[in-house]
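The sequence shown begins at 1 in full-length UniProt numbering and counts up one residue at a time.
Calculated from the structure, these hints are not laboratory results. What you are looking at is a predicted structure, and each value in this text was computed from that prediction instead of being measured. Accuracy of the hints is not assured; some may be wrong.
Derived EDC-like pairs: lysine to aspartate or glutamate, alpha-carbon spacing no greater than 20 Å straight-line [to be verified]:
(1) Lys418 <-> Glu437
(2) Lys418 <-> Asp403
(3) Lys418 <-> Glu332
(4) Lys418 <-> Asp368
(5) Lys418 <-> Glu428
(6) Lys418 <-> Asp441
(7) Lys418 <-> Asp496
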Amino acid sequence: MLQGFGCASGTGPGAARRGRDRRAEVVLPAPGRPRFERRDAPSVAVVGGGIAGLAAATALAERGARVTLYEREASLGGRLAGWPTRLADGSEVTMSRGFHAFFRQYYNLRGLLRRTDPALARLTPLSDYPLRHCGGATDGFARVPRTPPWSALGFVALSPTFGWRDLAAMDPRAALPLLDVRVPEVYARYDGIGAAEFLDRIGFPSAARHLAFEVFSRSFFSDPGELSAAELLLMFHIYFLGSSEGLLFDVPNEPFPQALWHPLGAYLRELGAEVRTGTAVHGVDPCPDGALDVRTGDGTFRHQAAVLALDVRGLRRTVAGSPGLGTAAWREDVAGLRTAPPFLVSRLWLDRPVDPGRAGFLGTSGFDGLDNISVLERWEGEAARWARRTGGSVVELHAYAVDGAARREEVQEHLTAKLREIYPETREARIIDSRHEWRSDCPLFPVGGYLRRPAVRTPDPRVTLAGDAVRCGLPVALMERAATTGFLAANALLADRGVRGQVLWTVPRAGRSRALRLLAGVAARS
1 MLQGFGCASG TGPGAARRGR DRRAEVVLPA PGRPRFERRD APSVAVVGGG IAGLAAATAL
61 AERGARVTLY EREASLGGRL AGWPTRLADG SEVTMSRGFH AFFRQYYNLR GLLRRTDPAL
121 ARLTPLSDYP LRHCGGATDG FARVPRTPPW SALGFVALSP TFGWRDLAAM DPRAALPLLD
181 VRVPEVYARY DGIGAAEFLD RIGFPSAARH LAFEVFSRSF FSDPGELSAA ELLLMFHIYF
241 LGSSEGLLFD VPNEPFPQAL WHPLGAYLRE LGAEVRTGTA VHGVDPCPDG ALDVRTGDGT
301 FRHQAAVLAL DVRGLRRTVA GSPGLGTAAW REDVAGLRTA PPFLVSRLWL DRPVDPGRAG
361 FLGTSGFDGL DNISVLERWE GEAARWARRT GGSVVELHAY AVDGAARREE VQEHLTAKLR
421 EIYPETREAR IIDSRHEWRS DCPLFPVGGY LRRPAVRTPD PRVTLAGDAV RCGLPVALME
481 RAATTGFLAA NALLADRGVR GQVLWTVPRA GRSRALRLLA GVAARS
């Protein structure tokens, strides 16, 4: 079972790997011995059992640290957790917070999953990522070349909403930053303006705004008016103009717990880690002897180090409950972290199938709040078995950045009405059962907020941070930022103790063309 154990030196089946992009960059850990001896293995608390916490716990446990993973919920996975529910027809199914795309650029997340699935056989590719505009035009990415600049040119040649005239109408000097994203310098230059304002500056065509916002900005569950332009530029770089992995992606072929987290939890336990689900951490207190006391509802436990791998609210709550932790300025920065507006995931179990030609995932734009539609039986085994047994379909609808004052029942009904408009065959379908998940716990990356986001290192060398809200200075985002900062948090603690950490990979940290980089630099100085 311990397929990933050989990666303690940074290689082996569990290690992160470069994909097809020959320009992907390696991030080496500090040099050191391969692992702890039993006599000097530190006790490390990892607080939070989402992607970031699982990455940190895995890297530490593989190198011999005595890891205790604390997770307040009953199951692992964080914002990708799942839980059982019984439908009105008696079926036992798994509900979650909805669809997530596992892009091929997610080198470190995929390396984490390889610990228990070396060939990534539990991920299945979707053939395309169509985006439908309310005006009728549909963009897709299956035929677009992967490698820049051919990816951009191919997209323009194939897109019904962004053509050569649109490209020619853009301000070339203002648009050069799209081709010369450098991390972390992009934050110094563009964190002070909003994503929508940046697109206005470069003359990005209004008819094609859905390409920028639905593909990139909305992935942050954020209103484009509030999102930092630096984050938008980073997304263009990661997924389109800076990487040759392309915009196609994979999805788990079973619900998240069965495909991903149950096997990874078992792997950690085999490594000797203690996994305590259903255990909330209320505070972390530095002790005079150099240790840390981790306070939970079940008691207080002593550790030598800790990784706080929490969502925004969890981190704010834990730091507020730890008055001796960090400096006043650091604590103020943590307290100032914000969450994005609410979002809704509605899952409907229908008594008849959607048209067999429907995509597994469809992005939508201009449909008054509906952001995408998924047909789960196209890729998920559990949904496919239910659909075969009943003759129905399992459809999921997402709405991001919902007005906090909106009535939830009305929003839910509105999404269903839009489904029937876009997929007319569902108009006569009876909803056998439904689940509606309302959440508001994704980090917000507001204009000017980058420098105040806490980094992996904290003022206390015994404590590191991980998660998709954490600043790390690499071109990563979303789930990959969570996994990467989890490994970086573990690597920092390991380096301080003379143990070599996890080798990481990332998309290039600068634009791919030297000529374009030079041209962009001249434009910026003029």
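Results of checking the hints against the structure:
With a CA separation close to 18 Å, the supplied pair Lys418 and Glu437 stays within the 20 Å bound. Proposed proximity of Lys418 and Asp403 is supported: the alpha carbons are some 17 Å apart, at most 20 Å. Distance hint between Lys418 and Glu332 is unfulfilled; the C-alpha atoms sit about 43 Å from each other, more than 20 Å. Simply put, Lys418 and Asp368 have alpha-carbon atoms about 8 Å apart, close enough for the 20 Å limit, and the pair holds.
Between Lys418 and Glu428 the CA atoms are separated by roughly 14 Å; this keeps the pair inside 20 Å, and the hint holds. For the suggested pair Lys418 and Asp441, the alpha carbons sit about 25 Å apart, so the restraint of at most 20 Å is broken. With a CA separation close to 54 Å, the supplied pair Lys418 and Asp496 exceeds the 20 Å bound.
Hints 3, 6, 7 from the list above are not met by this structure, while the remaining hints are.
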